[in-house]
Amino acid sequence: MTYKLKNLTLAITLALGVGIITACANTSSSMSADSAKAEAESSAASYGKADSKVSILGTTTPFASEAIYFVMTDRFVDGDPGNNYEDQGGKFPTWQLPMEGPNGEKAYVGYMGGDLKGVLNNGDYIRDMGFTAVWMTPVLENPNQSFSGDEQITFGDAFKDGGKTGYHGYWATNFYKADEHLISHDLSVKQYTTQMRENFGLKSVFDIVANHGTPSFTMPSDQPGYGEIYNAEGELVADHQNLAPEDLDPKNNPMHEFFHDYPDLVKLSNLDDQNSKVRDYLINSYLYWISQGADAFRIDTIRHVPHDFWREMSDRVRAEHPNFFMFGESFQYDANFIAQHTLPKNGAVSVLDFPMQEAMVKVFEKPLESDFATLADTLYLTHGPYNNPYDLTTFYDNHDMARINATDNGFINAHNWLFTVRGIPVVYQGSEIGYMRGTSEHQGNRNYFGQHNIDNAKSHPIATELAKIANVRKSTPALQRGLQFNLELSGHKAAFYRVLQSDSAQQTALVLLNKAEAPASFSIDEYMQTGTWTEQLSGETRELVNGDALTTSVPANGVQVWVREGALDSDGLEAALIKQMSAQ
Numbered sequence: 177m178t179y180k181l182k183n184l185t186l187a188i189t190l191a192l193g194v195g196i197i198t199a200c201a202n203t204s205s206s207m208s209a210d211s212a213k214a215e216a217e218s219s220a221a222s223y224g225k226a227d228s229k230v231s232i233l234g235t236t237t238p239f240a241s242e243a244i245y246f247v248m249t250d251r252f253v254d255g256d257p258g259n260n261y262e263d264q265g266g267k268f269p270t271w272q273l274p275m276e277g278p279n280g281e282k283a284y285v286g287y288m289g290g291d292l293k294g295v296l297n298n299g300d301y302i303r304d305m306g307f308t309a310v311w312m313t314p315v316l317e318n319p320n321q322s323f324s325g326d327e328q329i330t331f332g333d334a335f336k337d338g339g340k341t342g343y344h345g346y347w348a349t350n351f352y353k354a355d356e357h358l359i360s361h362d363l364s365v366k367q368y369t370t371q372m373r374e375n376f377g378l379k380s381v382f383d384i385v386a387n388h389g390t391p392s393f394t395m396p397s398d399q400p401g402y403g404e405i406y407n408a409e410g411e412l413v414a415d416h417q418n419l420a421p422e423d424l425d426p427k428n429n430p431m432h433e434f435f436h437d438y439p440d441l442v443k444l445s446n447l448d449d450q451n452s453k454v455r456d457y458l459i460n461s462y463l464y465w466i467s468q469g470a471d472a473f474r475i476d477t478i479r480h481v482p483h484d485f486w487r488e489m490s491d492r493v494r495a496e497h498p499n500f501f502m503f504g505e506s507f508q509y510d511a512n513f514i515a516q517h518t519l520p521k522n523g524a525v526s527v528l529d530f531p532m533q534e535a536m537v538k539v540f541e542k543p544l545e546s547d548f549a550t551l552a553d554t555l556y557l558t559h560g561p562y563n564n565p566y567d568l569t570t571f572y573d574n575h576d577m578a579r580i581n582a583t584d585n586g587f588i589n590a591h592n593w594l595f596t597v598r599g600i601p602v603v604y605q606g607s608e609i610g611y612m613r614g615t616s617e618h619q620g621n622r623n624y625f626g627q628h629n630i631d632n633a634k635s636h637p638i639a640t641e642l643a644k645i646a647n648v649r650k651s652t653p654a655l656q657r658g659l660q661f662n663l664e665l666s667g668h669k670a671a672f673y674r675v676l677q678s679d680s681a682q683q684t685a686l687v688l689l690n691k692a693e694a695p696a697s698f699s700i701d702e703y704m705q706t707g708t709w710t711e712q713l714s715g716e717t718r719e720l721v722n723g724d725a726l727t728t729s730v731p732a733n734g735v736q737v738w739v740r741e742g743a744l745d746s747d748g749l750e751a752a753l754i755k756q757m758s759a760q
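If you count the sequence shown from 1, you need to add 176 to reach our numbering.
Possibly wrong hints are sitting among the right ones.
[Said to hold, decoys possible] Derived lysine to any residue pairs resembling SDA-like cross-links, with alpha carbons at most 20 Å apart:
1) LYS542 - GLU693
2) LYS538 - HIS668
3) LYS538 - MET612
4) LYS634 - SER616
5) LYS366 - LYS453
6) LYS427 - GLU409
7) LYS282 - GLY614
8) LYS336 - SER324
9) LYS669 - ALA725
10) LYS644 - ASN585
11) LYS353 - SER467
12) LYS634 - THR308
13) LYS644 - GLY715
14) LYS353 - ASP456
15) LYS353 - ILE459
16) LYS353 - GLY258
17) LYS427 - ASN451
18) LYS427 - ASP448
19) LYS755 - PHE661
20) LYS538 - ALA552
21) LYS634 - LYS650
22) LYS538 - SER666
23) LYS336 - VAL442
24) LYS669 - PRO695
25) LYS366 - ASN259
26) LYS644 - ASP631
27) LYS453 - GLU488
28) LYS542 - ALA692
29) LYS669 - TYR703
30) LYS521 - PHE500
31) LYS336 - ALA578
32) LYS542 - MET577
33) LYS542 - ASP584
34) LYS542 - PHE500
35) LYS650 - GLN682
36) LYS353 - GLU409
37) LYS366 - SER467
38) LYS521 - HIS480
39) LYS538 - LEU551
These are calculated hints, taken from the structure and not from any lab test.
Using the sequences and the hints given, assemble the complete structure.
Right, here's the structure in full:
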């Protein structure tokens, strides 16, 4: 039977007598319709053969095997002081620009010196923590002065840009050119991505923007770079000319063609995504950065741009680069809303999992007062709105919100969850030591991390526990792509299976989580399979025979991952997985 559930293609061949199941959950980013059809036909052809394999998984998307470390490049590590340009900007300086809080705290809206060389110099650190990809804030050229318009930003403020710089990379003046603060005379973007891949096995996730350019109006007098857009040849193709959006004349002034004549976010130029010239300019820039080594895209402010733009963009990108993975920032906690981006008709772009993020903060900021059940409904393992929930990028905080205000154990428990449940985990720089915990964007969230903190992180309890579970995920395909089947999510305890049965791997993982301050006993007999089970963190093994339960004690704030290699031997589990997949 072939089920078409929403925009998943689920091909299931049922023949329990000989143990045949083929279940393929595919998105357009991972497998074409023809490939899915071919696999289904191959499964049907194998019906009744004694040596047929069970094939069960959550996703076939290759990028689902990755774990992402997110760096705000300027705020990570200064690897090349020669590109700091500390005297840049004249009367509108760009270096550091500290803001002081009421108790002497500081946050910064200027450049702090971080660059691509600083990331590259710490590739081993990122790799050894268990990550396989690095998402960096945009590498694009930004203005070389601080912005003189809008209201002046002060400590703790939001939605104001006065006095700020484009240190973060999101104020592009040229979508084809790298910012001089990030590259070095001996390290281009292309050289960076190549060396990250070849030296450390790390993929590069590029942050892209389509919604806006720079802050573009309310300046006392026009500033160079602001409101301007340049092409790949360095020619000016658009200029807001310090005019309010309603004063633009896009029909008659060629310099205004790239912009809508109405505002969107703060004082940023609002790019006209319905203009074919703008579309070509942006989409061709994305293709250019793929040629420079981008392995995936994170899409900024995706919900501010219509679906038809993303459909055209994804079609054009994937026509040249099949399986290219993209995930968007749709800053909204309604799963039904953000799921619209994941549908093939809207471009089949995955998204950051904001609903789970909200629940993770509730659970792990106060782990002793919270319940794992809070997280259950955010998984959407059945009857969910997403094209495929296993392709979502999961996280608990980032640069655009307050950092999670958790204890060390809260971070440890959050990571134990993040690296074992469905989805692709993302961790923001500094979280491995609880850096600036609880602070928002202009309260220290984005403060410079630095080599000193990295060197000390290697012995920090959060970092050491993170590395353990992240490296378990790295070496356990079932945790990357396996179907998740929950046994218990209640109180301080969670137990679930991750099942992967494919041509490349046959593996079942049993995950046991305990966020209490005391050890917790588990006795798992539901759908328990016979054979050898190996706990991945300790190396302990158990030999189970028919009727045995797996009984163990999980340490306080701990995790165990028990793995059984080989085909399924539980008809009950097999049937339960079929039922769950048919409801996906």
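### Task
Determine which of the earlier numbered hints do not hold for this structure and return their numbers in increasing order.
Violated: hints 4, 5, 6, 34.
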